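Engineer: Spelled out from the first residue to the last, the chains are:
Number of protein chains: 2
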Amino acid sequence: MELVTITDIEAAAERVRGVAVRTPLVLQTWDPRGTLWLKPESLQPIGAFKVRGAFNAIATLDDDRRARGVIAYSSGNHAQAVAYAAQRFGVPAVIVVPDIAPRIKVEATRSYGAEVIEVPIGDHEAKAHELAAERGLTLVAPFDDAAIIAGQGTAGLEIAEDLPDVEVVLVPVSGGGLAAGVGTAIKARCPRARVIGVEPALAADTAEGLRLGRRVDWPMADRARTIADGLRAQPSELTFAHLRKVVDDMVTVTEDEIRAAMRTLATKARLVAEPSGAVTTAAYLNHAAELPEGRTVAIVSGGNADPALFAEVLA
Amino acid sequence: MELVTITDIEAAAERVRGVAVRTPLVLQTWDPRGTLWLKPESLQPIGAFKVRGAFNAIATLDDDRRARGVIAYSSGNHAQAVAYAAQRFGVPAVIVVPDIAPRIKVEATRSYGAEVIEVPIGDHEAKAHELAAERGLTLVAPFDDAAIIAGQGTAGLEIAEDLPDVEVVLVPVSGGGLAAGVGTAIKARCPRARVIGVEPALAADTAEGLRLGRRVDWPMADRARTIADGLRAQPSELTFAHLRKVVDDMVTVTEDEIRAAMRTLATKARLVAEPSGAVTTAAYLNHAAELPEGRTVAIVSGGNADPALFAEVLA
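Chains as they are written, first to last, in the numbering used here: chain A, -8 to 306; chain B, -8 to 306.
Same shape as in the complex, but just chain A (with noise of 0.2 angstroms):
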């Protein structure tokens, strides 16, 4: 199976130079330990590191695919990123969504001017492939495709210029495309740089199957029992073979620690982080004995926490 290289990581980042933000590190003066920098992807557009991704992946379409559009299946950050990422081309989106997710997600990736399509849930992956291939659409996948992976590696290519001296890098692992490109930018330029992936303990797929070797499926009624809703998911062949190379060690949190570093990373940091979001900071937090020691770069993958879920983590 072929991976990412750096090169498609840097290829990727000229791509969405003026279209992603380039998210400053930022140290935390507040941590006694003084080591403890935040690279808060939640300030991107529709407000999480998919726009890295989707934008890639759009933009190493040919002309004649890219202008008749794309399609995609979330009811998440990755549906808003495609509609963001095709509006900045100009070109058609249409976006698959269960029935029940929030409206105002709905809303929002609307606003970006795509057709959003709502289906019965479990349907939406279906729909989107049978819309696809009637209407001639490209599908962008949330994970399991090279351009996504070197596109959400830009972040990782970040971290390496802005402290070259990174010791540890703490990731969210879902389906895998952020942590396998991170840890693939991070191998290549800080070599001496461990990357540890983080998982909500109630979706620790991906820990148990790094351990084993070999990828394991937990069941969806297991898995969506953690607030981390962006963290769900299980990675693909393809981002299992990326974990397995860069990804030193696993971590997982628990949900009380998750609601903690919510709330640290409102007061302290001020940041809005949704639950996924969070984790990397929970992990540092809680689990400073399981983590080397040394310069660590927890990324904020996203902000779009439910309001009244974030009230509730202040009170």
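FYI, nobody ran anything at the bench for these hints, they're computed from the structure.
The structure presented is a predicted model; accordingly, all values stated were derived computationally and were not measured.
Glycine included, each C-beta is placed from N, C-alpha and C at the ideal position.
One should not assume that every hint holds.
As the list claims (entries may be wrong) - No more than 27 angstroms apart at the CA atoms, straight line, and that leaves these computed lysine-lysine pairs for DSSO-like:
#1 A/Lys96 <-> A/Lys118
#2 B/Lys96 <-> B/Lys118
#3 A/Lys259 <-> B/Lys96
#4 B/Lys259 <-> A/Lys96
#5 B/Lys259 <-> A/Lys259
Said to hold, decoys possible - Listed below are several chain A residues computed to face chain B (Cβ distance under 8 angstroms; list not exhaustive):
#6 Val12
#7 Thr14
#8 Trp21
#9 Ser33
#10 Ile37
#11 Gly38
#12 Ser102
#13 Ala257
Place chain B on chain A using the hints.
Structural biologist: Showing chain B alone in chain A's frame:
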């Protein structure tokens, strides 16, 4: 009266490099006008732009004076900024705070190694002067100081570098240090841009003062009505002279507009803004008719919002 120049601000930028975060300009893609960039100074160490001026002021002291230590009176962000900057230089800092200051702010100031002295409200300025004389400490003023103005101006320099064709810069006005410095930088580098100061209507002494062409004094009891606790000060002769020269117009916002802007910043920009940091966004969203059109930067000056207030505006 000698005013701060762009050369002073450029020199300050060299000094604060690596201490102040080079905050990005973040285009807000949810805004239908598509002309709003935020500059999140809330991401600075201590959560506000104040670290720029405090660090520059301490950096410009001669070595002997600096080594003897610094003193400041403040219950707000300036206290933490001076404590943090002194810690970076490894010199003593004394912060005099009114004994009604929130515990959380006192603890934060102490966490940067400062000696915190609590005195009855109203006595803290006199006590600071007394201690400065007694112990040979240098008083770091919150805004009435050329080095502070030059330091705050580095935020304006970054705006000019990142968006050279900026058309409107919205900046909160309280003591006027930030507006004076940012306005000076913008007028030097982007002479066609308009610099607009923003105040709460409940503490609009500068809007009135600039209209009349002279400083006016609003009773503290009036200014204390606004929830924007960082915007209750009034310009000094020095900052007012800058504001007359570099501020093109003033806009005032209501308390409801400030709260709504805090919510918008949290949900759309994923930023925790304190009320003072939200006034510029409030102006952009609610006072378009009073503002020039075009590419607009709103400075989000700080993020030290009280968690209970923040939870309340989100609910």
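Engineer: Against this structure, judge whether each hint is valid.
Structural biologist: Taking the hints in turn, this is what the structure says about them:
1. As the CA atoms of A/Lys96 and A/Lys118 are separated by approximately 19 angstroms, the hinted pair is consistent with the 27 angstroms bound.
2. Between the alpha carbons of B/Lys96 and B/Lys118 the distance comes to roughly 19 angstroms, so the proposed pair stays at or under 27 angstroms and holds.
3. The suggested pairing of A/Lys259 with B/Lys96 holds, with an alpha-carbon distance near 12 angstroms, which does not exceed 27 angstroms.
4. Of the pairs offered as hints, the one joining B/Lys259 and A/Lys96 holds, with about 12 angstroms between alpha carbons and a cut-off of 27 angstroms not exceeded.
5. Using a Cα cut-off of 27 angstroms, the hinted pair B/Lys259 and A/Lys259 holds, with the two alpha carbons roughly 20 angstroms apart.
6. The interface hint given for A/Val12 is met, as the beta carbon of that residue sits about 6 angstroms from the closest beta carbon of chain B, less than 8 angstroms.
7. Checking A/Thr14 against chain B: minimum C-beta separation of about 7 angstroms stays under 8 angstroms; hint holds.
8. Because the beta carbon of A/Trp21 sits about 7 angstroms from the nearest beta carbon in chain B, less than 8 angstroms, this interface hint is met.
9. At its closest, the beta carbon of A/Ser33 sits 4 angstroms from a beta carbon of chain B; the interface hint therefore holds under the 8 angstroms criterion.
10. At its closest, the beta carbon of A/Ile37 sits 7 angstroms from a beta carbon of chain B; the interface hint therefore holds under the 8 angstroms criterion.
11. Against a cut-off of 8 angstroms between C-beta atoms, the interface hint on A/Gly38 holds, since the closest Cβ of chain B lies about 5 angstroms away.
12. With a least beta-carbon distance of about 7 angstroms to chain B, the hint placing A/Ser102 at the interface is held under the 8 angstroms criterion.
13. Taking 8 angstroms as the C-beta contact cut-off toward chain B, the hint placing A/Ala257 at the interface holds, the least distance being around 5 angstroms.
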